[in-house]
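**Student:** Next come the chains, spelled out residue by residue.
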Amino acid sequence: MSRLAELRELTRVRVYAFLREPEAVFWVFVFPLVLAVVLGLAFRSARPAPSLVAVAPGEGSAALVEALGASDGLEVEPFQTEDAMRVALRRGAIDAIVEPAPGGGEPILHIDTTRTEGETARLRIVEALAAARGAPLPEPVVREQTEKGSRYIDFLFPGLIGMNLMGTGMWGIGFALADTRQKKLLRRMLVTPMRRGSFFLSFMLSRLVFLTLELAIVAGFGAWVLGVPFRGTLVAFALVSTLGALTFAGLGVLTVSRARTIEGASGLMNFVMMPMWLASGVFFSYERFPDVTIPFIKLLPLTALNDALRNVMLDGASVVGQGRELLILAVWGAVSFLVAVRIFRWE
Amino acid sequence: MGQAVDNLSGVAPPLLDAGPAVRVRGLVKRFGEVTAVAGVDFEVHRGTCLGLLGPNGAGKTTTVEMLEGLTEPDEGEVEILGLTWRRDAREIRERIGAQLQESKFPDKLRVREVLRLFRSFFRDGADIDEALETVGLAEKRDAYVKTLSGGQKQRLSIGVALLNNPEIVFLDEPTTGLDPQARRRVWEIVERVKAAGGTVLLTTHYMEEAERLADDLIIMDHGRVIARGTPAAIIATLNAESVVQFSLGAGAGRALTEEDLLALDGVNAIRREGASVVLTVRHAHEVISGLFALIEARGLALEDLRTHRPTLEDVFVSLTGKSLRDE
Chain A
5 MSRLAELREL TRVRVYAFLR EPEAVFWVFV FPLVLAVVLG LAFRSARPAP
55 SLVAVAPGEG SAALVEALGA SDGLEVEPFQ TEDAMRVALR RGAIDAIVEP
105 APGGGEPILH IDTTRTEGET ARLRIVEALA AARGAPLPEP VVREQTEKGS
155 RYIDFLFPGL IGMNLMGTGM WGIGFALADT RQKKLLRRML VTPMRRGSFF
205 LSFMLSRLVF LTLELAIVAG FGAWVLGVPF RGTLVAFALV STLGALTFAG
255 LGVLTVSRAR TIEGASGLMN FVMMPMWLAS GVFFSYERFP DVTIPFIKLL
305 PLTALNDALR NVMLDGASVV GQGRELLILA VWGAVSFLVA VRIFRWE
Chain B
41 MGQAVDNLSG VAPPLLDAGP AVRVRGLVKR FGEVTAVAGV DFEVHRGTCL
91 GLLGPNGAGK TTTVEMLEGL TEPDEGEVEI LGLTWRRDAR EIRERIGAQL
141 QESKFPDKLR VREVLRLFRS FFRDGADIDE ALETVGLAEK RDAYVKTLSG
191 GQKQRLSIGV ALLNNPEIVF LDEPTTGLDP QARRRVWEIV ERVKAAGGTV
241 LLTTHYMEEA ERLADDLIIM DHGRVIARGT PAAIIATLNA ESVVQFSLGA
291 GAGRALTEED LLALDGVNAI RREGASVVLT VRHAHEVISG LFALIEARGL
341 ALEDLRTHRP TLEDVFVSLT GKSLRDE
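Here the protein sequences line up with chains A and B, keeping their order.
Each number in the numbering used here corresponds to the 1-based position in the first sequence with 4 added.
Each number in the numbering used here corresponds to the 1-based position in the second sequence with 40 added.
Bear in mind the hints are in silico, worked out from the structure with no lab data behind them.
If a hint is listed, it holds; no wrong ones were tucked in.
Once the Cα atoms are required to be at most 27 Å apart in a straight line, the calculated DSS-like pairs of lysine-lysine come out as: (1) A:Lys-187 with B:Lys-148; (2) A:Lys-188 with B:Lys-186; (3) B:Lys-186 with A:Lys-187; (4) A:Lys-187 with B:Lys-193; (5) B:Lys-148 with B:Lys-193; (6) B:Lys-144 with A:Lys-188; (7) A:Lys-187 with B:Lys-180; (8) B:Lys-144 with B:Lys-186; (9) A:Lys-188 with B:Lys-193; (10) B:Lys-234 with B:Lys-180; (11) B:Lys-148 with B:Lys-186; (12) B:Lys-180 with A:Lys-188; (13) B:Lys-144 with A:Lys-187; (14) A:Lys-188 with B:Lys-148; (15) B:Lys-180 with B:Lys-148; (16) B:Lys-234 with B:Lys-193.
Work the whole structure out from these sequences, hints included.
**Tutor:** This is the structure in structure tokens:
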């Protein structure tokens, strides 16, 4: 039979194997939606929530409560004891404690400076106190707000798509390969004239078969249910996603190219994906990592994919503008695939 | 209409003018310190079935996998249909069929899907319905692999091995772990392949399987060939017509010594299996009457006495001092 028939049959078998595995279908199509819905619920409000503050007891505390309560951006929470306030602050249940200074001086602010909520609360408190005093702010504080107007879900959603492309590429291919090897089916195929290239290619092709469906479901849900903006063209989105999917398919083949068992393969895949879940800006911006690490983080394939997806979806950027990201993806994919084919363990 | 018969059996007829189907010279394979195959030579003639018989770990599977191109020999030469793996790997793969030990097809594929997949790898061969018919799985064509019994799975595996109408079929312990009924069905398939002139190389550790299917036999142990020939010729090397097995009961122990027994007329060899003594003899009736007289004279009691025609198992035990199925 022809090379094409061989490739078609190998791919067909991969597609069947996937569709007949309900767990796999869940992880590819349903899980990202569940995640998006849950996170969407948690971060649904369009307007920033008011800062929650407490006023420590002492001389002048009643005046403070009044001054702070007059601000729209602040909500004063009552507490029985000062200790309870401190516990609440430590746990992030409130954003600040305002302590009246003895002798009518400037009140003392307690905030957790590592949390943005603390910083927001500080600004609002200073503003509220200045307003109550009727005097202008002694030193207007200006903060640059890069993500102004965008909700967390808008930031998150492209990251979820990127993460899903990575997960389905790696798991979908890694598991199938490891399973085929563990069942000694690989050796069984080696006794036949099957072309090894067709074997690998069938994994890539089966990945593309589901990609369209996967993207349509996940992106459609994001756009219509969560209202995530899709400012770029469909072509740009499809191009970036397809390249990303193929890159992680290649990385998946490489990761399990030597693993003898499914267990070993799972461990390796988690080892490869974990750093990218954390560092590549899925749930939060990688700009939070120390400056020296950022050039390296930007070289990770998931970072490149997430950046490109965000640029296209949120900013409406063109594909041409994503040259650097697409190049990073292509290099990762091609190198992984070529190395994998060389070191692949057929036994 | 000879062609129709050939097609149904799923093998290609032998070419009359060609050399042996398989030729092996000085084959050696080491795994670290262990020498799995320690210098093996043999030929498989076209249209015959060669049985490789031996206990687990004898080197049968390693030998076959070197023939199938799955394992690289450390030394020696392999020629398949006059071709070598180094030069003609693809051509060999087009023309051989193999069923491997332990390899499993995906649970969630249907029988016909497995066959269609493997069929697509070959240049030419049978169609799926023929293959299903050959191995008796026609009514299971839409069943998931997961739902097949052990015997059905094994038949599917053989069906896959016959898909390209191979000139040589390698079957590595095709009936291990099957019940007698399922085993017999596999034998019938192999017999049909043979009847159509196919060449078969079969490994097994069941003597009855080897006796029934193999035209020629090679007995292996510790990576070496310890006997070869037709089953009848190998059995004839025992130079015995019968095997006499008896025991004297628990108390008697070794009341009869080897010398006592060898003194009986017609005894070739003696071995002990637990409490019983096994004599390889030329004429059973002479030995038995001598044995009765001896037991009478010593005042001993005979607890059990059996005779049977010598089998390959007897040959194997006399060559190695251990049973074929010792784990």
